[in-house]
Amino acid sequence: MILLRTVNLRKQFGETRACDGLDFVVNKGEFLSLVGSNGAGKTTLVNLISAHLQPDSGQILLEDRDITFSTVAQRIKAGIARSFQIVNLFDGLSVFDNVALSVFSREGKTVKMTRLADHDQDVRRETLELLDQFGLASKAAALAGGIAQGERKLLDVAVAYALRPRLLFLDEPTSGVSTHEKAQIMDTVSSVVRGGMVTAVVIEHDMDVVFRYSDRIVMMHEGSFLADGTPDEIRANKDVASILLGAPLTV
Amino acid sequence: MTTEGQLLPQRSLLNVVAAAVPVLLVLLLVPRFVETYQLQLVIYGLITAIAALGFNLLLGYTGLLSFGHSAYFGVGAYSVAFVVEHLGPHSMEFYLLVGIPIVAITSALFGYICVRHTRIFFGILTLAISQVIYSLVLKLYWVTGGSDGLRVPRPALLLGLFSFSGPQGFQLFVRSYYYYVLGIFVICVILMWMIVHSPFGKALQGIRDNEVRARFLGLRIRRFRWSSFLVSGTFTGVAGILWVPLNGLTTPDVLYWTFSGEIVFTALLGGFRNFTGPIVGGIVFTYLKTYAVASTEYWQLLLGVVLVTLVLVLPTGIVGAISRAGQRLREWSAAR
Numbered sequence: 033m034i035l036l037r038t039v040n041l042r043k044q045f046g047e048t049r050a051c052d053g054l055d056f057v058v059n060k061g062e063f064l065s066l067v068g069s070n071g072a073g074k075t076t077l078v079n080l081i082s083a084h085l086q087p088d089s090g091q092i093l094l095e096d097r098d099i100t101f102s103t104v105a106q107r108i109k110a111g112i113a114r115s116f117q118i119v120n121l122f123d124g125l126s127v128f129d130n131v132a133l134s135v136f137s138r139e140g141k142t143v144k145m146t147r148l149a150d151h152d153q154d155v156r157r158e159t160l161e162l163l164d165q166f167g168l169a170s171k172a173a174a175l176a177g178g179i180a181q182g183e184r185k186l187l188d189v190a191v192a193y194a195l196r197p198r199l200l201f202l203d204e205p206t207s208g209v210s211t212h213e214k215a216q217i218m219d220t221v222s223s224v225v226r227g228g229m230v231t232a233v234v235i236e237h238d239m240d241v242v243f244r245y246s247d248r249i250v251m252m253h254e255g256s257f258l259a260d261g262t263p264d265e266i267r268a269n270k271d272v273a274s275i276l277l278g279a280p281l282t283v
Numbered sequence: 004m005t006t007e008g009q010l011l012p013q014r015s016l017l018n019v020v021a022a023a024v025p026v027l028l029v030l031l032l033v034p035r036f037v038e039t040y041q042l043q044l045v046i047y048g049l050i051t052a053i054a055a056l057g058f059n060l061l062l063g064y065t066g067l068l069s070f071g072h073s074a075y076f077g078v079g080a081y082s083v084a085f086v087v088e089h090l091g092p093h094s095m096e097f098y099l100l101v102g103i104p105i106v107a108i109t110s111a112l113f114g115y116i117c118v119r120h121t122r123i124f125f126g127i128l129t130l131a132i133s134q135v136i137y138s139l140v141l142k143l144y145w146v147t148g149g150s151d152g153l154r155v156p157r158p159a160l161l162l163g164l165f166s167f168s169g170p171q172g173f174q175l176f177v178r179s180y181y182y183y184v185l186g187i188f189v190i191c192v193i194l195m196w197m198i199v200h201s202p203f204g205k206a207l208q209g210i211r212d213n214e215v216r217a218r219f220l221g222l223r224i225r226r227f228r229w230s231s232f233l234v235s236g237t238f239t240g241v242a243g244i245l246w247v248p249l250n251g252l253t254t255p256d257v258l259y260w261t262f263s264g265e266i267v268f269t270a271l272l273g274g275f276r277n278f279t280g281p282i283v284g285g286i287v288f289t290y291l292k293t294y295a296v297a298s299t300e301y302w303q304l305l306l307g308v309v310l311v312t313l314v315l316v317l318p319t320g321i322v323g324a325i326s327r328a329g330q331r332l333r334e335w336s337a338a339r
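Protein chains in written order, with the working numbering: chain A, 33 to 283; chain B, 4 to 339.
Think of the hints as simulated: they come from the structure by calculation, not from any bench. One should not assume that every hint holds.
[Stated by the list, open to error] Just the calculated beta-carbon pair ranges, DEER-fashion:
| no. | chain 1 | residue 1 | chain 2 | residue 2 | range |
| --- | --- | --- | --- | --- | --- |
| 1 | B | G329 | A | A174 | 12 to 20 Å |
| 2 | A | R147 | B | V316 | 50 to 58 Å |
| 3 | B | A21 | A | Q91 | 55 to 63 Å |
| 4 | B | G264 | A | G61 | 54 to 62 Å |
| 5 | A | D164 | B | G329 | 28 to 36 Å |
| 6 | A | R226 | B | E214 | 25 to 33 Å |
[To be verified] Far from chain B, by Cβ distances over 12 Å, these chain A residues were calculated:
| no. | residue |
| --- | --- |
| 7 | D96 |
| 8 | A176 |
| 9 | R267 |
Every residue, glycine too, gets a C-beta built ideally from N, C-alpha and C.
Whenever a hint applies, use it, and build me the whole structure from the sequences.
This is how it looks when you write it as structure tokens:
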């Protein structure tokens, strides 16, 4: 069952074709990894689908509904959320408030001026539950600007996840942390996402992580798709190996 | 609920009330111990505090530096003067009733224009608009009295229950007006406290910290900034409304950009990162300015030196410095 589909999606920056007529498909419920070297167009694709950028041409369909020209807010309502490659948090707010703000926004409660945020028991309960799921409950009262990098990466995902999307894009959720932490973060993220039956598209560079957690892997190169398949199929694909190793593989 | 969740202090109203009550008691007792002149200064301090509190919703909580808040203070003051000129009843409640909608509409209008930009462009826009108002008031002298301004006689308070004439009228007025302003000050503080701790206030702070991420939570950034501007301008306008009966006169000075600068100064002095910063700043600034003006011809130089020192030594203002010192003290005593 297809959740999201792009048709001939194009985006060009000067001479560079970041997305060169992409027909991208995301199936409902899968954990999809988007891989490829720097500048392959992965982030551009996510930016186009999340309305951070407008495409030059092409279509984006969410369950056959055309969302090509809808705004960020409309796409969030339709169920598309994302996290960012470089951690993007509200550093002056507590960890709790970062997630709570997401919940308030989703519930349309941010217009309320004369009610105390902390006194909304439903939001409080849900926020604490979310923090618990992401292993951040002990940091609830800390400022988001003051916690460790690995925790910030998790919080970034938690803020996006709190919007309860159907389709969640995670742009390098493990960049900038140690190998040991990578596994911890991915364990947490994949168990929460799978547990919540959320479809996820993850941009990732670490191939160990990719092979271990993905249902399907899509590989990009210079704005096009180079390969698409299960981890086993990708592992067996010679083109992929040559791109990853930077030289043709002759065995 | 998880055990970890309990580490998170639920901001209890009781704690806040416990901290506020002693301060309020002191403020209630002030008139017993000070003369009329001193009491006048405290009133001016409270009024400046209301203006700065409004201003700081934009600076401290929304991340927008307005250099034109004199416009809303001035519009508040002039709207009262117009009420006196054209509508008649010398009643403070009437002034507020007419003045508040006027400042709210003005703030909404100007805010709509200003929030199309951020950072320096926002600041310049607010400054430019306030200067337009200033020039208009100065030039349309047949309506506004030009540089002479407009006189505002002492109003009756509480629906005419208290009116002040006769030889002791002024002293009595100041004594009563103190409680009146204090009442409105308390209402303003409670309202503003609610606003910054509401989901709306959290959204403003989110937008302040990270506009892109806020947009990707589905928040409509410009609308929030506009609402914040509207509330901010209205609070500052209320300060203008309260100020003019005590001053007895409004002149274009309160619309001039240097007055906007004083509001910015006030917030910085107290500390714009703390809720109570602008309040403390309002009181301290009023005293600072009064004594600077009284003691030297070069009072602006004195204020300038204070401002430079402040930015270099106490970037978080008085309240920021005190709260940091308090934290150090707690850590120190915990370590022992």
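Hint-by-hint comparison with the structure:
1. B/G329 <-> A/A174: 12 to 20 Å: holds, 19 Å
2. A/R147 <-> B/V316: 50 to 58 Å: 39 Å Cβ-Cβ, so the 50 to 58 Å window is violated.
3. B/A21 <-> A/Q91: 55 to 63 Å: holds, 60 Å
4. B/G264 <-> A/G61: 54 to 62 Å: holds, 59 Å
5. A/D164 <-> B/G329: 28 to 36 Å: holds, 32 Å
6. A/R226 <-> B/E214: 25 to 33 Å: Roughly 32 Å apart at Cβ, these two residues keep to the hinted range, so it holds.
7. D96: A/D96 clear of chain B: closest Cβ-Cβ about 23 Å, beyond 12 Å.
8. A176: violated, 8 Å
9. R267: holds, 34 Å
The structure fails hints 2 and 8 (numbered hints given earlier, in ascending order).
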